[in-house]
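S.K.: Taken in sequence, the protein lines are chains A and B. All residue numbers in the first sequence are consecutive under the working numbering, ending with 892. All residue numbers in the second sequence are consecutive under the working numbering, ending with 1005.
Treat the hints with caution; some may be incorrect.
[Stated by the list, open to error] Pairwise CB distance ranges (calculated):
{"hint": "1", "chain 1": "A", "residue 1": "ALA22", "chain 2": "B", "residue 2": "ARG954", "range": "21 to 27 Å"}
{"hint": "2", "chain 1": "B", "residue 1": "SER933", "chain 2": "A", "residue 2": "CYS870", "range": "56 to 62 Å"}
{"hint": "3", "chain 1": "B", "residue 1": "GLY955", "chain 2": "A", "residue 2": "ASP65", "range": "21 to 27 Å"}
{"hint": "4", "chain 1": "B", "residue 1": "GLY955", "chain 2": "A", "residue 2": "GLU38", "range": "29 to 35 Å"}
[Unchecked claim] With a straight-line Cα cutoff of 16 Å, these simulated EDC-like cross-link-like pairs (lysine to aspartate or glutamate) come out:
{"hint": "5", "chain 1": "A", "residue 1": "LYS706", "chain 2": "A", "residue 2": "GLU636"}
{"hint": "6", "chain 1": "A", "residue 1": "LYS706", "chain 2": "A", "residue 2": "GLU640"}
{"hint": "7", "chain 1": "A", "residue 1": "LYS706", "chain 2": "A", "residue 2": "GLU643"}
{"hint": "8", "chain 1": "B", "residue 1": "LYS927", "chain 2": "A", "residue 2": "GLU56"}
{"hint": "9", "chain 1": "B", "residue 1": "LYS927", "chain 2": "A", "residue 2": "ASP34"}
{"hint": "10", "chain 1": "A", "residue 1": "LYS706", "chain 2": "A", "residue 2": "ASP555"}
{"hint": "11", "chain 1": "A", "residue 1": "LYS307", "chain 2": "A", "residue 2": "ASP139"}
{"hint": "12", "chain 1": "B", "residue 1": "LYS927", "chain 2": "A", "residue 2": "GLU38"}
{"hint": "13", "chain 1": "A", "residue 1": "LYS706", "chain 2": "A", "residue 2": "GLU597"}
[What the hints assert, rightly or not] Just some of the chain A residues that point at chain B, by a computed CB distance under 8 Å:
{"hint": "14", "residue": "LEU28"}
{"hint": "15", "residue": "HIS31"}
{"hint": "16", "residue": "ARG35"}
{"hint": "17", "residue": "ARG63"}
Quick caveat, the hints were computed from the structure, so don't treat them as lab data. Cβ atoms here follow ideal geometry from the backbone N, Cα and C, with glycine treated the same way.
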Amino acid sequence: MDWRERVAARVPRITGDAARDAEIRDELAQHCADRVAELCRRGLASDAATARVLAELDETARRADRLAQAAAPSLGAARRRVALLAGLRGDLRHAVRLLRRSPGFTLGAGLTLALSIGAVTAIFTVVQAVLLRPLPYPDPGRLVAVWEQSPQGITRNPVSSGNYLDWLDRASAFDALGALGSPAFRAWTGDGRARRARVSSMTASAFTALGVTPLRGRLFGTADDEVGGPPVAVVGEDFWRGALASDPDVIGRALVLDDVRFEVIGVLPRATVVPSSDVDVVVPLRLGPDDREQRRSHNFNVIGRLKAGVTLEAASDAMRGVVAGITAEHPQDMTGWSAAVVPLRDDIVRNVRPMLAVLLGVVVVVLLVACANLATLQLARAGARTAEMGLRTAIGAGRGRLFAQLLVESLLLAAVGGAAGIGLAVVLVRGLLALAPADIPLLDLVTVDWRIAAVSAVLTTVSAVLVGLLPALHASRVDLRPLLHGGSAGGSHPRGRARLMLVGVQVALALVLLAAAGLLARSFWRLNQVDFGYDPRNVLSVELDLPGARYPDNDSHVRFYRDLLDRVRRLPGVVAAAGSTVRTGEGTLMTFSFAIEGRPSGTPTGREAPEPLQAVTPTYFETMRIPVLEGRGFLETDRETGEPVVIINQALRRLHWPDASPIGQRLSFRPGQTPWLTIVGVVGDTHDEGRDQPSPPTVYVPFAQKPPSWSWMTWQTLVVRTEGDPAAVVRGVEAAVGALDADLPLGAVRTVEAAFAERTARRRFATGLVAGFALLALLLGAVGIYGVLACNVAERRREIGIRLALGARPRQVATAVVRPVLIASATGVAAGLVAAVLAGRYLDALLFELQPSDPATLGATAALLFSVSCLAAWMPVRRALGLAPTRTLREG
Amino acid sequence: MTWPLTDRELKRGSATLLVLALVDETPRHGYEIGKLIETRSGGTISFQMASLYPLLYRLERRGWILGEWREAKGERRRRFYRITPAGRTVLADQRGVWQSFVRALDQVAGLKG
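Using the sequences and the hints, build the whole thing.
M.R.: See the structure below:
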């Protein structure tokens, strides 16, 4: 039998390419024939020789896959996959082994990845929920807020009822347009202890515009919008589950709010963003014929749903046309006014957007630092592994294999780091939600979902490939011989240059973050240095509001608060107590224009521009420790029967009486209708809205002298100054209120300091987070620098040893080693400063009286970073110099 | 420094060197290459058909050697392999590596001593 046939019988198919297979079989057959001939020549019997060669051929046939693999570059797809998987498995095993063998590197790289990915994922989760995720309503892209724009340039001016009703009739761009009143607290009585409920009012069309489906019952219908309609209410899901204990019979239940009985007709789902997630009860907003004429009082928020296909621009244009029409009919009220249509989501998140954008930028920089750091670590390690890689290349490991192996290593690292990072992200998100200031909207929608996990996975993979590629490319190009000869790679080596470059990049990025943290921290510190204008320590603030039904006139208000304050002052531990219409931490929302006697203003009304007004009880200034600078404070005798008096603050004095004393001058809110009020004193300026807000020019009037037309002014914030901890008197104040009116709920009870801490919560939150991330970046940068030098020194130990042995001074040697690294970090510092100044403008919105390019902060940051670089560089060098030259020589 | 070399890599690496060295002298056919490795190594290294041809095909695919069918008079046609310029570079590299490696082994393990 011919060998060709034997081969064909045993190896019928090799590569799948018939011609190539025939050639291979020819060659194998020739080999077999040669082999048999030789065995016979050596004296073997022909049969035995043939049998032996047949055995060899069988062995070849069994391993035909190797022939195929070697001969055919284009394997069948399935086989190639098998081969690839087999290779991958090997690489994976190898990678696990290697990572386990260098725990320092693995831990450092893994932690770097986990921390950065965790931070990025957590922040991105929050940003996604607050800034990016669509609002939880059907077709949310069509939801808009519509604002009036005032002639004074206020772009988000609430809307007057007259204009809103005209818009309803005339605006054609919307499927629905609805109005919302501002939320307010009302006394909720009749269900046990009197409590406060946060009540908002909305038109039925506002619910239509949103497209909300009630959790239970129904929402308002058009009939509910009619003035005089039945008193109905919709409760929020949280209020229902909490205050109403998930009452299954909630529909039809009665709610007594400010002595008015409402019937509950529905429950709003929790995901309701409008009016806001903390609203307890929504009642119908009913606008009647009188409201149609009202164009001066701007009280309503308006939301709408654009008609399908109508763009924001088209709607804005249409609204401008509508407003122009209304202005033509009511020029005296409307001249200069306009309207703006903005996406509802943007409107809701406008206040937190700058902060979240900065945080997002910061974590992205952290991720970059982490990538640079990883690349540095990998490079340092690739340096240490150059000999291994070189040898493997030389003895036949293909470059592709080597490349694949390094990539697998990086991916493994990234997988581990990424998994840890996602775990960390879940923890971080919980922490963020717990620490986040309450005024960030939409936070209750935050969840870590699969999309975020996917983003993290992509980030992980990208960082893995980024950091894996460079060293892999590098290592696979290694020339082996000098290494085997015992040479060393110095700073001029490309790898050395790449490492130095990475150090520079890390330093620059870390500097940007540190500068941001420094600016925020400094600005926060400055803010805390601002004097409130009064002493906020040991003052309890209690908000109260009297229901108009039971307290109809000024007499009843004045009597109630006077009696209450008398009781409170007698409580043990109370030093002083007073009341004011200003809600602690919110400033006053009431502004009044007034005329100055004998000095008619140039305006058509003859009055000055409106300024904030506070109605206070007599001892308010003493209680708050606001200094009386001229004249006197209010007295118990400043009552309805006494001479009408007023006190102004310094800011108002500067505005209207910059030179002469205002004492004895007279003001009137409406000359002819309200009396002239004599200025009896000037008090110091206060920052009632928080330290970051300017102190507005303010008019103080005695609460006891409010005119009959102000009978709507029913609320007071009690301020109670105590000897010790204000919390100790809370019970007593509650009891005092209960003794006077058991059905009157207490509003917010908190210390003045706590109220202002709430005001700065967002700033503190951002500052804390950025500082945390900056420290992380600093740490990573320091680790990177340390790693580079440790590695550099290790490689140059032999050289250092020789130099020392030859008599070089340690200082010279150290300088030579450290210099390139310090030059790199100095370059990084310089580049970072430029970047920090450029990035600074994004911080502007978060800074308080500080320029983003503040030289002192930037200088200090640069100095700090450079010092840390020096320290990180010095440590490994010191260690190397401490070694005896002979030892390093032997080791090298 | 440790080199986690697998036996396979070591053998494959050395085999590459051997094959390249042999076809560098003159073009040779597969059987001759296998035979020469065995005889010149005094029988220490031998290549079975099952591993020799995959190696040859792999080196050919990498462009280090080139196989051509030749028909000598009165003989059957055979596939002869000759070295390519790329193969010559690799050979030079490998000679250097192996020299260093052997020297290193010698220094460590006293191979010649």
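S.K.: Compare the structure with each hint and give your call.
M.R.: Hint check:
no. : hint                            : result
1   : A:ALA22 - B:ARG954: 21 to 27 Å  : 23 Å, holds
2   : B:SER933 - A:CYS870: 56 to 62 Å : 59 Å, holds
3   : B:GLY955 - A:ASP65: 21 to 27 Å  : 23 Å, holds
4   : B:GLY955 - A:GLU38: 29 to 35 Å  : 31 Å, holds
5   : A:LYS706 - A:GLU636             : 14 Å, holds
6   : A:LYS706 - A:GLU640             : 8 Å, holds
7   : A:LYS706 - A:GLU643             : 12 Å, holds
8   : B:LYS927 - A:GLU56              : 15 Å, holds
9   : B:LYS927 - A:ASP34              : 10 Å, holds
10  : A:LYS706 - A:ASP555             : 10 Å, holds
11  : A:LYS307 - A:ASP139             : 11 Å, holds
12  : B:LYS927 - A:GLU38              : 10 Å, holds
13  : A:LYS706 - A:GLU597             : 19 Å, violated
14  : LEU28                           : 7 Å, holds
15  : HIS31                           : 5 Å, holds
16  : ARG35                           : 7 Å, holds
17  : ARG63                           : 5 Å, holds
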